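Just so you know, the sequences run in chain order A and B.
Throughout the first sequence, residue numbering follows our numbering, covering 1 to 456 in sequence.
Throughout the second sequence, residue numbering follows our numbering, covering 457 to 550 in sequence.
In case anyone wonders, no lab produced these hints; they're calculated from the structure.
One should not assume that every hint holds.
[To be verified] Taking lysine to aspartate or glutamate pairs in the DMTMM-like style, the calculated list, with each CA pair at most 25 angstroms apart, reads:
| hint | chain 1 | residue 1 | chain 2 | residue 2 |
| --- | --- | --- | --- | --- |
| 1 | A | LYS319 | B | GLU501 |
| 2 | B | LYS545 | A | GLU347 |
| 3 | A | LYS16 | B | GLU501 |
| 4 | B | LYS528 | A | GLU68 |
| 5 | B | LYS545 | A | GLU13 |
| 6 | B | LYS545 | A | GLU199 |
| 7 | B | LYS545 | A | GLU9 |
[Said to hold, decoys possible] Covered stretches of chain A (in silico footprint by chain B; criterion: 3 or more residues with CB under 8 angstroms from a CB of chain B, positions within the stretch not fixed):
| hint | stretch |
| --- | --- |
| 8 | 31-42 |
| 9 | 254-262 |
These figures come from a predicted structure and were not determined experimentally.
Idealized CB from N, CA, C, for every residue including glycine.
Each chain, letter by letter, is given below.
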Amino acid sequence: MRGVHFEPEEILETVKMVQMENLDIRTITMGISLRDCAHPELARCAQRSYEKVCRHAEKLVRVGDELEREYGIPIINRRISVTPIALVAESSVAEDYVLMAQALDRAADAVGVNFIGGFSALVHKGLTHGDRILIDSLPEALAVTERVCASVNVASTKAGINMTAVGRMGEVILECAHRTSDRDGLGCAKLVVFCNAAEDNPFMAGAFHGIGEPECVINVGVSGPGAVLSAVRRAPQVDLGELAAIIKRTAFKITRMGELIGRRASERLGVPFGIVDLSLAPTPALGDSVAQILEAMGLERVGTHGSTAALAMLNDAVKKGGAMASSHVGGLSGAFIPVSEDIGMIEAAAAGTLTLDKLEAMTCVCSVGLDMVAVPGDTPAATLAAIIADEAAIGMVNRKTTAVRIIPAPGKGVGDFVEFGGLLGRAPVMPVHRQASDAFVRRGGRIPAPIQALNN
Amino acid sequence: MSEKSNRIIVTVLGQDRTGIIAETSRALADAGVNIVDISQTVLGEFFVMIMLADMSHARVGLGELKTQLSAKAGQLGLQINAQHEDVFKFMHRV
C-alpha cells in the first residue's frame with residue numbers, strides 16, 4: 001500500500017475518541033485587531049469595528065463547518081476576539097462605551113459566532129481615562145448584549161496587583177449581577193478578572209486579541225477530558241508515573257487534532273495560525289469532566305485531600321504531552337476547573353466536599369482560577385474584591401494566569417442553584433466567609449510586584 | 457503537511473452478516489470513490505472493516521459521501537464512519 005499504514009487499533013482508537021469520548025475541538029477563535037478603528041466619534045469607531053469584524057470573520061463559520069464535516073471532528077464553537085476595547089475607544093470623547101459592545105454584539109450575530117471577547121481593559125498598573133469608562137460601562141454593556149464577553153486584567157507578576165482596580169471590580173461584579181438578576185446574574189458569567197492575562201487565549205469569556213498580536217490570527221482551543229478520563233479508567237492499577245505517561249500520550253493525540261484543524265482553518269481562511277491552547281475544557285455533559293478524571297485517579301470525590309496533588313499531575317502531564325504535539329502552544333494551556341461547566345465539580349460543590357477554599361488551593365496548580373463559581377447574592381463587594389485579590393496573588397507569585405469569574409447569585413443563598421443552560425451550565429451557590437475584608441480592600445493602591453529570586 | 461491528500465478512511469462497525477463489504481464497496485463505487493486498501497477483523501462479536509479510499513475522482517464531496525454512507529449504515533444496521541486520512545496521520549504519526 002502506498003503512503004502511511006495504520007494499524008486497525010489506531011484507527012479504532014481515533015474513531016472511539018470522537019464517537020464515544022466527546023473528543024472535540026472546543027473552539028476556533030479568530031483574533032482581529034481593531035486598533036485601526038479608533039475615531040474621535042464613538043459611533044464611527046463602532047461602525048468601523050463592526051465592518052472590520054464582519055469583513056474578516058465572514059467565512060469563519062462556513063470554514064469551521066466544512067472542516068468539521070470533512071475531518072469528522074466536532075468543532076463546538078467558532079468565536080472572535082478583538083483588541084481590548086478600552087484601547088480602541090479611548091480616542092473618542094464618549095463617556096460610555098456601551099455603543100461599542102452593541103456593535104460587537106451585532107457583528108457576532110451577523111457572522112454567526114456565539115461569543116465575541118475583548119470588551120476589555122488592561123489595568124494592572126493603573127487606569128487610563130478610557131479604562132475607567134470601560135469598567136464603568138461593564139454592567140450596562142453585559143446586560144444589553146448577548147454575545148459580548150468582557151475581561152479586566154488587574155494584576156501581573158511584573159506590575160503587582162492594582163488593588164484599587166480590584167476593589168472597583170468587586171462593585172462592578174455586584175452591579176452586573178443586579179442588572180441581570182432576571183437571568184441569575186448571567187452578566188457575571190461573561191466577565192473575567194485576570195492576573196497575567198494571556199494575549200492569545202482562544203477560550204471565552206476571557207479571550208481578547210492582545211496588543212502584540214498580528215492583524216488577524218487563528219487560535220484553536222482543544223478539549224478532550226472524556227478521552228483522558230477513558231484512558232485513566234482503563235488503567236486502574238498502574239502507579240502514578242505510568243499514569244502520567246498515559247495522560248501525556250492521550251493529551252498528545254488530542255492536541256494533534258487541534259494542530260490539524262488550526263492549520264487547515266488558517267490555510268482556508270488565509271489568516272496566520274497562532275497557537276493551540278491545549279486546555280482540558282470540560283462541558284456539563286456526562287463523561288466530559290475534569291473532576292471525574294481526578295476521581296478516576298483514585299479520589300472518592302473531587303475537593304477531598306489529594307485533589308491538589310492529583311490536579312497538579314494531570315495539568316503537568318497534559319502540558320508535556322500537548323507541547324510535543326503542536327508547533328505553537330499558547331493561551332492558557334492546562335486543565336480548567338469551572339464549577340458550573342463540569343458535572344463532577346457541580347456534584348462535589350453541591351455535596352459540600354468542594355469548598356471555595358479548596359478550589360482556590362487547586363487553582364495554584366492548574367490553569368485559570370475560580371471559574372464559574374456562584375456565591376450568595378448578598379456577598380459584599382469588598383468580599384468579592386478580596387476573593388479576586390487572593391486569586392490574583394496566586395497568579396502573581398506563581399507567574400501564571402489566574403482569573404476569577406464569580407456570580408453573586410441575585411436573591412439566592414447556599415443550597416440554591418444558578419441555571420444558565422448550555423455550555424455555561426448550572427452551579428450550586430457556595431458559601432463564603434462572613435468575616436469582613438473591607439478595611440483591607442479599602443486601603444487601595446498597589447500590592448508591589450513580588451521578588452523573582454529567593455523562591456520559597 | 458499541507459492539504460493535498462484526497463484519501464479518506466472508512467470504518468464499518470457492527471454485527472457480522474453477509475454482504476457488508478459488497479454493500480459498502482457499492483456505495484463507494486457509486487460515488488466514484490476508489491478503494492485503495494481494505495482490511496477486516498473481528499473484535500469479539502463485532503465486525504470491523506477499515507478501508508483506505510481515494511476521493512480524487514469522486515462525484516461528491518466528503519460531506520455528501522458521509523450522508524450517503526449513513527443512509528447505507530441505517531439499512532444494514534451498522535455504523536459507518538468516514539474521515540479524512542490526515543486525522544489519523546496527525547494523531548498517530550509524527
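Evaluation of the provided hints:
1. Taken as a hint, the LYS319(A) and GLU501(B) pair is broken in the structure, with Cα atoms around 38 angstroms apart against an allowance of 25 angstroms.
2. Distance check on the hinted pair: LYS545(B) and GLU347(A) sit about 38 angstroms apart at the alpha-carbon level, beyond 25 angstroms; violated.
3. Proposed proximity of LYS16(A) and GLU501(B) is supported: the alpha carbons are some 17 angstroms apart, at most 25 angstroms.
4. The hinted pair formed by LYS528(B) and GLU68(A) meets the criterion: a straight-line CA distance of about 21 angstroms does not exceed 25 angstroms.
5. With a CA separation close to 13 angstroms, the supplied pair LYS545(B) and GLU13(A) stays within the 25 angstroms bound.
6. Of the pairs offered as hints, the one joining LYS545(B) and GLU199(A) is violated, with about 31 angstroms between alpha carbons and a cut-off of 25 angstroms exceeded.
7. Between LYS545(B) and GLU9(A) the CA atoms are separated by roughly 14 angstroms; this keeps the pair inside 25 angstroms, and the hint holds.
8. Check on the stretch 31-42 of chain A: 0 of its residues sit with their Cβ under 8 angstroms from a Cβ of chain B, so the three-residue criterion for coverage is violated.
9. A stretch counts as covered by a chain when three or more of its residues have a beta carbon under 8 angstroms from one of that chain; for the stretch 254-262 of chain A and chain B the count is 4, and the coverage holds.
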